[in-house]
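Student: Residue numbers (the working numbering), protein chains in the order written: chain C, 21 to 133; chain V, 84 to 193.
Hints in this document: simulated from the structure, not taken from any laboratory.
There may be inaccurate statements among the hints.
[Unchecked claim] Distance condition first, Cα-Cα at most 25 Å in a straight line; then the derived DSS-like pairs of lysine-lysine: (1) C:K91 with C:K60; (2) C:K56 with C:K39; (3) C:K61 with C:K72; (4) C:K87 with C:K39; (5) C:K60 with V:K151; (6) V:K151 with V:K135; (7) C:K91 with C:K56; (8) V:K151 with C:K72; (9) C:K56 with V:K135.
Computed from a predicted model, the values in this text were never measured in an experiment.
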Amino acid sequence: DTAVSQTPKYLVTQMGNDKSIKCEQNLGHDTMYWYKQDSKKFLKIMFSYNNKELIINETVPNRFSPKSPDKAHLNLHINSLELGDSAVYFCASGLGVRHTEAFFGQGTRLTVV
Amino acid sequence: GDSVTQMEGPVTLSEEAFLTINCTYTATGYPSLFWYVQYPGEGLQLLLKATKADDKGSNKGFEATYRKETTSFHLEKGSVQVSDSAVYFCALSRQDDMRFGAGTRLTVKP
Chain C
21 DTAVSQTPKY LVTQMGNDKS IKCEQNLGHD TMYWYKQDSK KFLKIMFSYN
71 NKELIINETV PNRFSPKSPD KAHLNLHINS LELGDSAVYF CASGLGVRHT
121 EAFFGQGTRL TVV
Chain V
84 GDSVTQMEGP VTLSEEAFLT INCTYTATGY PSLFWYVQYP GEGLQLLLKA
134 TKADDKGSNK GFEATYRKET TSFHLEKGSV QVSDSAVYFC ALSRQDDMRF
184 GAGTRLTVKP
């Protein structure tokens, strides 16, 4: 049983396309996150949702639109993909309480050509 | 805003060497502090955590102590193994917000 699952694992697409990455967690957590990891492994928070409500939007271009249909899902839709969007995107979930950890998915490697 | 600063890598050690990876943080209030590890091709896994000042987190021979006076949470291990080769991330957490350092790549050679 995968706790946090993302699909697809790999995504190769052309510039200008629109794509989505799906994330689901079965841990019963209220908080979900999206992180972007660049080629140097730097991990930057993009969004945080608590119970379907947006909590953090960290200066992400508005081409990126998260969608949370319920608290177990947080999908990431990206419009008009650019070369600089190439990265590994990680979904994570947690209780959203200060002293508890986040659980990460396996990541989605997005390559824009 | 809150932030985490880690020592830059990469770090290369021989097996059984002593490891220290420095981590300092900037935050108001009292965040919780974490170390995560990322093995090649995988997501991040929690290694250890500490939730208040002077707490020591430990796991798999790794340790880190939450030092409020120096705003630090340095990761240490007395004797590293080849299997410890990975990228290590320091992180701090508040409610609904978890911030990571830049990551430090560790390579352990036999």
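Student: So, for every hint listed, does it hold in this structure?
Tutor: Now for the hints, and whether the structure bears them out:
1. C:K91 with C:K60: Measuring from Cα to Cα gives roughly 31 Å; hence the hint is violated.
2. C:K56 with C:K39: holds, 15 Å
3. C:K61 with C:K72: Status violated; Cα separation ~28 Å.
4. C:K87 with C:K39: Status holds; Cα separation ~13 Å.
5. C:K60 with V:K151: Violated, because 29 Å separates the two Cα atoms, which is more than 25 Å.
6. V:K151 with V:K135: This hinted pair holds, its Cα atoms lying about 9 Å apart.
7. C:K91 with C:K56: Within the cut-off at roughly 21 Å; holds.
8. V:K151 with C:K72: violated, 34 Å
9. C:K56 with V:K135: Violated, at roughly 28 Å.
In summary, the numbered hints that this structure violates are 1, 3, 5, 8, 9.
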